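K.L.:
So the chains spell out like this:
Number of protein chains: 4
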Amino acid sequence: MNETKAWRGFASDNNAGVHPDILGELAKANTGHAIGYGDDIYTEQAKKLFREQLGPDIDIFFVFTGTAANVLGVYGITRSWNSVITANTAHMETDECGAPEKFTGCKVLTVETPDGKINPDMIRKHLHGFDFEHHAQPKVISITQTTEMGTLYTPDEIREIADLAHSSGLLLHMDGARIANASCSLDLPFRTFTTDAGVDVLSFGGTKNGMMFGEAVCFLKHGLSDNFKYIRKQGMQLASKMRFISAQYIAYFRNDLWKKCAAQSNAMASLLADKLRMIREVRLTQEVQSNGIFLIIPRDVAERVMKKYFFYPWNDEMSEYRLMTSWDTTEGDIDDFVKLLKEELKKKVLV
Amino acid sequence: MNETKAWRGFASDNNAGVHPDILGELAKANTGHAIGYGDDIYTEQAKKLFREQLGPDIDIFFVFTGTAANVLGVYGITRSWNSVITANTAHMETDECGAPEKFTGCKVLTVETPDGKINPDMIRKHLHGFDFEHHAQPKVISITQTTEMGTLYTPDEIREIADLAHSSGLLLHMDGARIANASCSLDLPFRTFTTDAGVDVLSFGGTKNGMMFGEAVCFLKHGLSDNFKYIRKQGMQLASKMRFISAQYIAYFRNDLWKKCAAQSNAMASLLADKLRMIREVRLTQEVQSNGIFLIIPRDVAERVMKKYFFYPWNDEMSEYRLMTSWDTTEGDIDDFVKLLKEELKKKVLV
Amino acid sequence: MNETKAWRGFASDNNAGVHPDILGELAKANTGHAIGYGDDIYTEQAKKLFREQLGPDIDIFFVFTGTAANVLGVYGITRSWNSVITANTAHMETDECGAPEKFTGCKVLTVETPDGKINPDMIRKHLHGFDFEHHAQPKVISITQTTEMGTLYTPDEIREIADLAHSSGLLLHMDGARIANASCSLDLPFRTFTTDAGVDVLSFGGTKNGMMFGEAVCFLKHGLSDNFKYIRKQGMQLASKMRFISAQYIAYFRNDLWKKCAAQSNAMASLLADKLRMIREVRLTQEVQSNGIFLIIPRDVAERVMKKYFFYPWNDEMSEYRLMTSWDTTEGDIDDFVKLLKEELKKKVLV
Amino acid sequence: MNETKAWRGFASDNNAGVHPDILGELAKANTGHAIGYGDDIYTEQAKKLFREQLGPDIDIFFVFTGTAANVLGVYGITRSWNSVITANTAHMETDECGAPEKFTGCKVLTVETPDGKINPDMIRKHLHGFDFEHHAQPKVISITQTTEMGTLYTPDEIREIADLAHSSGLLLHMDGARIANASCSLDLPFRTFTTDAGVDVLSFGGTKNGMMFGEAVCFLKHGLSDNFKYIRKQGMQLASKMRFISAQYIAYFRNDLWKKCAAQSNAMASLLADKLRMIREVRLTQEVQSNGIFLIIPRDVAERVMKKYFFYPWNDEMSEYRLMTSWDTTEGDIDDFVKLLKEELKKKVLV
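Heads up: the sequence lines are chains A, B, C and D, in that order.
Mapping of the first sequence onto my numbering: position 43 corresponds to residue 50, and the numbering continues sequentially without gaps.
Mapping of the second sequence onto my numbering: position 249 corresponds to residue 256, and the numbering continues sequentially without gaps.
Mapping of the third sequence onto my numbering: position 222 corresponds to residue 229, and the numbering continues sequentially without gaps.
Mapping of the fourth sequence onto my numbering: position 348 corresponds to residue 355, and the numbering continues sequentially without gaps.
Derived by calculation from the structure, the hints in this document are not laboratory data.
Be aware that one or more of the hints could be misleading.
Identical copies look the same in the list; a pair holds intra-copy or inter-copy alike.
[Claimed, not checked] In the SDA-like style, the derived pairs of lysine to any residue whose C-alpha atoms are separated by at most 20 angstroms in a straight line are: (1) Lys236 <-> Arg86; (2) Lys267 <-> Arg198; (3) Lys267 <-> Asp340; (4) Lys228 <-> Leu171; (5) Lys228 <-> His135; (6) Lys346 <-> Asp281; (7) Lys236 <-> Thr101; (8) Lys55 <-> Ile42; (9) Lys266 <-> Pro162; (10) Lys124 <-> Asp170; (11) Lys132 <-> Glu119; (12) Lys349 <-> Glu338; (13) Lys349 <-> Val289; (14) Lys346 <-> Ala274; (15) Lys315 <-> Glu338; (16) Lys132 <-> Pro121; (17) Lys228 <-> Arg166; (18) Lys132 <-> Asn95; (19) Lys124 <-> Glu164; (20) Lys132 <-> Glu324; (21) Lys124 <-> Asp281; (22) Lys132 <-> Asp122; (23) Lys315 <-> Asp46; (24) Lys35 <-> Trp14.
Since the model is a prediction, treat every value here as computed from it, not as a measurement.
Isolated chain A, as found in the complex:
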């Protein structure tokens, strides 16, 4: 670690630090006492800002992690005999160590998808067995926006899934761990592809886009959140010094900081993708619609490049890797990375 020239990589947007404005707001909120557990002016203000983004009738609850936001949000709208339908690539399925099953008791049913997105045709195969006591009762469809593959749903695509859900007695959950990147890339306000598109419960992420910690469970329809205060507490996610989550969101929404961060991240991914597409040995495996890039490169090359710019293997067999840009990625990082990659590829050829 070198303070003058800080290391940056492409492992994940949560490897990045905290935007200075967020840090500054934490310091500002650190004045005197504030009633614990959310009954403070920062939390009140942060909720107000959320309502401006998502609609006047929503309920917001802050939690610490994205996994908690997903799991508790789903717990709030299910009973243990329900099932949740999601993409086989969903964070909820692949990266939460069974937290949804453990805490909700629900069955998680998956839909195979090539690009992280699911659609009514895919979902429908799980919509059966209603009223039949042997069968876990379908209750939630969960989609991720931006998906784990870096792709995006249009508002129409979301509306279609919402309609399917609602017409079948289900609810639509959105994992928005990277929702800011989606809003930027779609150039649409949050509300257009959440509340207004029929989403019922939303995990609104901040940590991956410049915050220190803190996510929000947003109930976008009236009546869904009645018991959620107990769920958050029993779910071990009630922050005693909650003002320090709230303050972050205050800074996050002020002057559209979230947009600046996500725009930078998206732009850098786009730039990187452009440069990668010009390298013959590189094959991109997903459309680059936000800040994630999936690519196939020779394994030994990847391993050498990783030593300087760390990133994760995605599919070992295919030699597929994932690069994530973040709010603090610079053009210099991109140039440097591409240069290094090219050098390593050349070495390989020479060998």
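Chain A is already provided as a structure; the job is to place chains B, C and D on it using the hints.
P.N.:
For chains B, C and D alone, kept in the frame of chain A given last:
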């Protein structure tokens, strides 16, 4: 909110803000990227500091909340058919909304205690039914140090409970949400009344003593933590940007910041207690051994004083209240509070 | 095992076998095929008989064990953040190995009672913390009729508890594992002290009174059982060949077989108690109101008598034991047991 | 219901009644008292008989339902952060209303299979992420023998899966709800394709083959069942009058009653399949290796035939149905059914 003269009360030590050194360390750690989920140099260093305090063979896992530290720590050493024995005043019993039962499946058995402390004689009544499948199998004794009533265990008292636990095949858990106050008040290193006194698993708190968030689950014996990384993740408590918990603990241990904060808090409670004892209408109901004061005052007086210096009722029927001092409580706060209280008491008499 | 003179003891009413009329009904129901899982004529008829006993608007679900009836019944009317208030002697607290906590996630709060019964004054101490998210929300009061100590609630006593429950937003659950003994002893129909006394959910036992297996979860108010079919299935208690539970209840209610069995059991306990009261060295510790007798006798004497007539120690320290009579206990058993006890007591004196 | 000519259908083998020898044994066991919860001579003898079938070092625990046998058996060898890999057709996945997830907390991962069988190649895709805390840790492979599609694994196929499991640190679970049909059809003792083929935990069914109720969880390796007595009790599956499960298994194993029942059931399925194959409009969709037949027939024809001989639709879209024979199916049933089917098919053609 007034920045020049910040409001402070006696509601809880978690109503206080963050010590400036902790905030400063957060800024310092905010440099470049760090691998997520704890594989970073800050976390490595913080763990090292913990080992200096608690012993070389311990395992440390950071989580977000005290409830999580307790619940997950207990989950790590139990199976669902076990029971946990604790005081009827324990946070685990009274203030975690059933989180221990929900997550661990264990039965929580309580022992009545007048002062928050339990002892072998009290505990023994629950040590039966071993090997009998109809009976939840006792597995953990959980004590709180400093107790929820502001009282303290001596190392010998802890050792006695540990011996009882171990001789019966149980383990000893300590909820150390206010462990710094205990260390200061006892004038003993942490290790003397934890690892060396036979404690097996410790929730080591920081939030109530000047940190922003972040607690540590400490396994003080080898072999107890083998699966804990999965438990923390499935328990929704794995911080992606973990360096920002770790950095706080680095500052917390540097130059004994924890001790300065706790010493101030304890001293102010002691001062306040001294002054309260001199007021005829006030009756203290617990020994003041750390930063909590329990007192009986007329209800209407309490309610008027509360408007300026907020604090919580403890036992409505008895008109008993709890005052907590914190790391930032000043002598001026004490003087002001006592003056106000006296005035309100006088008004009452005059009426 | 000797078929001509079968061994009988006083260990528990579930050590007795099955009444011949029940066995006969099982054979009668064993004709051809019946749709599985309860969609059969036997189940329809059994439910009809239950409605005759408990009221027209009740919903009945058969399960296998008393533990399951209690746990699933409570799960049907709670969420994980609720608490259940019960006697410290309740089966749910002492003899279900934590099944209620594991399956419902709820906190079980106990009330100390000398005779197995609880009353509003005892219960009230747990009725606080409503709406406070740190506190598990009280939702169910559970009483046992006949209690585990062999004592009985009058309908008025039940009504008082029901009124307390309902006025506080709670529901009243009754564990009726030995409900037939209560009905006989009180000389009142089931309905008088259940549905009509304000009980909301009832575990209606049969196994301890001459059935082979099978208990019923009865929802005595409309709207409480909407999801119970899923709960029973997910609770692993849905019988595929359900007709063989239903048929037992058909026989059980026909010609009041349940009453004959319970009356015999109660009468034998009464007779035994009368004879025991006349022995100087024996002290009865509970009123004998049904088929359970609690008594203190010298430990060595107990251990020698037990070899022939097995029964269980209840409180080791006090040398207290429990004797249970059952539907098949005879006067001869009583005479023989008392004779043996007297002989062993005399031996002790002589020594 | 007509006792002289009892109705029989092809809906499920659990629609059949109880073999008279089993009923007789229940009557025989109904003599005097027996210690509850399994400490009786019947249970001792039944376990001995199980050991003769499966090997001397196994542990056997009786439970009530097949769902319970599966769920509790898996709970015995997992922790909540584990995953269980099974066929997408497995009962555990499709017909247990989420009981495995609710009770074990584990993730259930599925493998698509055309015939109910899975193999190492299919399973391997789930064998990754070991040691990675974000990923539920694979711990159990569960296969069904006879599969839900009526097909069978050879001992070699099972051994291959067991080897894969064990070499990866997993255990092999077998759902043997119809294990008797497998043994008969393979003409192999149970032990050959369970204990000796590497199966670790077995659900040994009886209800679908002529018993009244009662399944057995069999731990085929030493050390796996240490805590199972608590699991069974907490799982609400500990029978108080356990002798009445045990007695059924005594009769079941005496003179190979199980084999006679399963052989009849298999033979009738074979006969029925032969006759169906000769009908042009009928297409069998699975190999008939035991007592299940899957066939495609016109929907309207099916619906008319069902009125007399009830059976279940399997795949609505394909107009696929399932016929199950049982221990009491007769040649007359087959002839009658086929005749009826032909008549209805002819009607269709004529229309």
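K.L.:
Each hint should be assessed against the structure and marked as holding or not.
P.N.:
Structure-based check of each hint:
1. Taking the closest pair of Cα atoms, Lys236 and Arg86 come within 20 angstroms of each other both inside a single copy (16 angstroms) and across two copies (13 angstroms).
2. In the homo-oligomer, the alpha carbons of Lys267 and Arg198 lie at most 20 angstroms apart inside one protomer (18 angstroms), although the nearest pairing across protomers, at 48 angstroms, exceeds that limit.
3. For the identical chains of this complex, Lys267 and Asp340 are intra-copy neighbours only, at 18 angstroms inside a copy versus 43 angstroms across copies, given an alpha-carbon limit of 20 angstroms.
4. Proximity of Lys228 and Leu171 under a CA criterion of 20 angstroms is satisfied intra-copy only: 17 angstroms inside one chain copy versus 34 angstroms between copies.
5. Proximity of Lys228 and His135 under a CA criterion of 20 angstroms is satisfied in neither setting, with 25 angstroms inside one chain copy and 30 angstroms between copies.
6. Taking CA atoms no more than 20 angstroms apart as the test, Lys346 paired with Asp281 passes inside one copy only; the shortest distance there is 14 angstroms, against 70 angstroms between copies.
7. When the C-alpha separation of Lys236 and Thr101 is checked against a cutoff of 20 angstroms, the pair qualifies only between copies, where the shortest distance is 16 angstroms, while the shortest distance within a copy is 27 angstroms.
8. When the C-alpha separation of Lys55 and Ile42 is checked against a cutoff of 20 angstroms, the pair qualifies only within one copy, where the shortest distance is 18 angstroms, while the shortest distance between copies is 33 angstroms.
9. Taking the closest pair of Cα atoms, Lys266 and Pro162 come within 20 angstroms of each other only inside a single copy of the chain (19 angstroms); across copies the shortest separation is 54 angstroms, beyond that limit.
10. Taking CA atoms no more than 20 angstroms apart as the test, Lys124 paired with Asp170 passes inside one copy only; the shortest distance there is 16 angstroms, against 36 angstroms between copies.
11. In this homomeric assembly, Lys132 and Glu119 come within 20 angstroms of each other (Cα to Cα) both inside a single copy, at 11 angstroms, and across copies, at 14 angstroms.
12. Proximity of Lys349 and Glu338 under a CA criterion of 20 angstroms is satisfied intra-copy only: 16 angstroms inside one chain copy versus 65 angstroms between copies.
13. Taking the closest pair of Cα atoms, Lys349 and Val289 come within 20 angstroms of each other only inside a single copy of the chain (10 angstroms); across copies the shortest separation is 63 angstroms, beyond that limit.
14. Only within a single protomer do Lys346 and Ala274 lie at most 20 angstroms apart by alpha-carbon distance; the minimum there is 19 angstroms, versus 60 angstroms between protomers.
15. Proximity of Lys315 to Glu338 under the C-alpha cut-off of 20 angstroms is restricted to the intra-copy arrangement: shortest distance 16 angstroms within a copy versus 53 angstroms between copies.
16. Taking CA atoms no more than 20 angstroms apart as the test, Lys132 paired with Pro121 passes in both settings, with 17 angstroms inside one copy and 16 angstroms between copies.
17. In this homomeric assembly, Lys228 and Arg166 come within 20 angstroms of each other (Cα to Cα) only inside a single copy, at 15 angstroms, whereas the closest approach across copies is 40 angstroms.
18. Taking the shortest Cα distances, Lys132 and Asn95 sit within 20 angstroms of each other both inside one copy (14 angstroms) and across copies (13 angstroms).
19. With identical chains, the CA atoms of Lys124 and Glu164 are at most 20 angstroms apart within one copy only, with a shortest distance of 10 angstroms there and 36 angstroms across copies.
20. For the homomeric pair Lys132 and Glu324, the shortest alpha-carbon distance between copies (11 angstroms) is at most 20 angstroms, but the shortest distance inside one copy (29 angstroms) is not.
21. When the C-alpha separation of Lys124 and Asp281 is checked against a cutoff of 20 angstroms, the pair qualifies neither within a copy, at 23 angstroms, nor between copies, at 46 angstroms.
22. Taking the shortest Cα distances, Lys132 and Asp122 sit within 20 angstroms of each other both inside one copy (19 angstroms) and across copies (18 angstroms).
23. Within a single copy, Lys315 and Asp46 get their C-alpha atoms only as close as 45 angstroms, which misses the 20 angstroms cut-off; across copies the closest is 16 angstroms, which meets it.
24. For the homomeric pair Lys35 and Trp14, the shortest alpha-carbon distance between copies (14 angstroms) is at most 20 angstroms, but the shortest distance inside one copy (28 angstroms) is not.
Checked against the numbered hints above, the structure breaks hints 5 and 21 and satisfies the rest.
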